[in-house]
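Chemist: Sequence:
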Amino acid sequence: MTKQTFDDLINQINTVSKDVQRERGTLFEKLTLAYLKNEPTYKSLYQNVWLLSEVPESYGIPKKDTGVDLVAEQKNGDLVAIQAKFYTNKVAKAEINSFVAELGKSYYQRGLIVSTMDDWNSNARETIDQNEKGIEIIGLSDLRNSQIDWSQFNFERPENVVVKKPKKLRDYQQTAKENALAHFKENDRGQLIMAPGTGKTFTSLKISEALSKDKDGPFKVLYLVPSIQLLT
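11 is the number of the first residue of the sequence shown in the numbering used here; add one for each residue after it.
In short, the hints are calculated from the structure, not lab data.
Quantities reported herein were computed from a predicted structural model and do not represent experimental measurements.
Please note: incorrect hints may appear among the correct ones.
As the list claims (entries may be wrong) - In silico DSS-like pairs for lysine-lysine, Cα to Cα no more than 27 Å straight-line:
id, residue 1, residue 2
1, K53, K115
2, K230, K195
3, K13, K73
4, K230, K178
5, K195, K53
Unchecked claim - Distance windows between CB atoms, simulated:
id, residue 1, residue 2, range
6, N189, V30, 53 to 63 Å
7, K85, N107, 26 to 36 Å
8, N107, V173, 18 to 28 Å
Virtual Cβ for every residue (Gly too), placed ideally from N, Cα, C.
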């Protein structure tokens, strides 16, 4: 029997809520909530994630739907306005205008858009790139490649989420790690050169973790990536 994929969940939303965009949006918001609470990258970043209707009154955020669907609280206390967009067409600027306007409110420090599309209208992309608070995008490819086991996800029990077991280094990655650690015993600079798709990010993470164990005091790593998903 074929395992359920993320795309199958998208098809379920379309089937259950055919021709009713609002119902589709509600289901996708529940899926987004489950993702942000359990995907390792965001689980380590946020201490709370709520649907807009469930944000505690003490935060002073209106419950009226003005483009924001969820709110996350980072561990430093910053609040993130989140829009969950369930679309099958290229996302246009008009579809994010209300969200961008709401993001300008003083209680939000940054924004996040979770979308079922990777394709964005150039005007929409420009609006996001130029926003002074900073707006991150989680797209379809990010959701597909999540550490969440989508084959176990059920819309009737969205709180029951299974996360895949942590990855282990493959033999050639383990060899690269050992060689790198030996190199840094005698050098303070180096390059890890590996072919595309062979796990450079994961291997370098394990190298950094190993190096940190040999240091007294704080150990800082500057990691530059085009998408936060590469840190998952």
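Chemist: Please flag the earlier hints that this structure goes against, numbers listed from lowest up.
Modeler: 3, 5 and 8
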